[in-house]
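Heads up: the protein sequence lines correspond to chains W and C, in order. Each residue of the first sequence is one higher than the one before, counting from 88 in the numbering used here. Each residue of the second sequence is one higher than the one before, counting from 147 in the numbering used here.
The hints are simulated quantities; they were obtained by calculation from the structure and are not laboratory data. One or more hints might be untrue.
To be verified - No farther apart than 30 angstroms at their CA atoms in a straight line, the calculated lysine-lysine pairs in the DSSO-like style are these: (1) W/Lys238 to C/Lys181; (2) C/Lys218 to W/Lys105; (3) W/Lys147 to W/Lys292; (4) W/Lys105 to C/Lys267; (5) W/Lys105 to W/Lys90; (6) C/Lys166 to W/Lys238; (7) W/Lys286 to W/Lys143; (8) W/Lys238 to W/Lys166.
Remember, predicted model here, so these are calculated numbers, not experimental data.
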Amino acid sequence: MHKIAEVEIQHDIMLANKKLAQRNQRMLDKAGVFTVDVLGAIGSGKTSLIEILIQKMDHKIGVIAGDVISKFDAGRFQKYNIPVIGLNTGKECHLDAHLVEHAFEDLPLEEIDLLFIENVGNLICPVDFELGSHMRMVVVSVTEGDDTVEKHPLIFKDADLVVINKIDIAEAVGADEEKMASDARKLNPDVEVIKSSLKTGEGVKEIIKAIGDFMD
Amino acid sequence: MHELSMADAIVKTVLDAAEKNQAEEILEVTIEIGKLTMLNPEQLRFLLGVLTEDTLLEGAEIIIEEIPVEIKCHSCNYAGSTNLDDSDHYLMIVKCPECDERNLEIIAGQECNVKNIRIEKPE
Chain W
88 MHKIAEVEIQ
98 HDIMLANKKL
108 AQRNQRMLDK
118 AGVFTVDVLG
128 AIGSGKTSLI
138 EILIQKMDHK
148 IGVIAGDVIS
158 KFDAGRFQKY
168 NIPVIGLNTG
178 KECHLDAHLV
188 EHAFEDLPLE
198 EIDLLFIENV
208 GNLICPVDFE
218 LGSHMRMVVV
228 SVTEGDDTVE
238 KHPLIFKDAD
248 LVVINKIDIA
258 EAVGADEEKM
268 ASDARKLNPD
278 VEVIKSSLKT
288 GEGVKEIIKA
298 IGDFMD
Chain C
147 MHELSMADAI
157 VKTVLDAAEK
167 NQAEEILEVT
177 IEIGKLTMLN
187 PEQLRFLLGV
197 LTEDTLLEGA
207 EIIIEEIPVE
217 IKCHSCNYAG
227 STNLDDSDHY
237 LMIVKCPECD
247 ERNLEIIAGQ
257 ECNVKNIRIE
267 KPE
């Protein structure tokens with residue numbers, strides 16, 4: 088004889104990731120490593136910005152480079168002789184807390200005090216997955232179009248710092264960087280917004296200061 | 147956009163629970179998806195169909211329930227449902243429906259919850 092039974096499961100997969108992210112953050116706190124999740128679309132300037140920060144910030148920096156194939160970005164960071172872990176996501180469009188936890192196994196946390204986690208180039212999926220970082224920095228470039236911020240509100244709502252990059256070519260691509268900044272503030276009244284050109288160096292000092300202020 | 151990994155996690159969660167409860171057949175699965183998650187229910191349903199082939203879950207009815215968005219306003223302390231205007235689908239996370247302020251926290255609508263299953267098991 089068989090019977091029909093209803094089984095309560097109540098397992099929230101998003102919550103499971105969140106709990107893992109909290110565990111990651113506790114591990115980072117214990118090791119004294121301030122961690123910045125760097126988010127943004129493909130080609131927004133995430134890797135270039137991290138390269139500049141590695142050179143200009145007075146910290147012991149490490150990087151987790153997440154990408155569908157991570158060797159390209161990881162290779163760019165390795166030039167600076169710092170701890171770098173490449174995280175291949177394969178088909179996946181985002182990093183999650185579980186992947187990052189595994190990266191910690193290979194990362195000498197005791198040798199660093201500032202960790203950048205470069206997420207997969209994507210303004211959509213990473214929103215659903217906290218990693219355990221202390222700060223979320225979103226890099227958006229004017230070349231993506233000046234409606235990009237309002238089209239992807241959730242990622243900007245969660246951000247602690249928004250960098251609007253490539254402003255030196257805003258006019259050439261017909262984008263209004265002021266609109267992008269105001270859209271970000273509309274979604275997230277407390278967010279710090281910095282306009283930058285990594286090519287000319289504009290805004291870099293302010294970005295370094297903003298991260299420093301957040302660390303304090 | 148990450149429906150495949152979510153579908154995979156759902157299948158594992160359900161099969162694990164089914165095994166623990168000595169299920170011989172899974173008749174029905176109910177999943178709750180927050181309206182603000184970056185998950186498309188139809189794509190999720192399709193991928194669940196693909197991933198459950200040749201498992202105990204094959205053929206089970208998949209019920210997807212939507213969890214509406216709720217916000218808490220840090221300006222006026224309002225907590226509850228939010229602006230629903232289909233012409234501006236993100237107005238709900240931008241402005242408090244009570245005081246129009248923008249200092250909001252999202253308190254519901256970001257879930258992907260495997261709620262329950264209906265199974266057939268021996269007496």
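So which of the earlier hints does this model not fit?
Violated: hints 4, 5, 6, 8.
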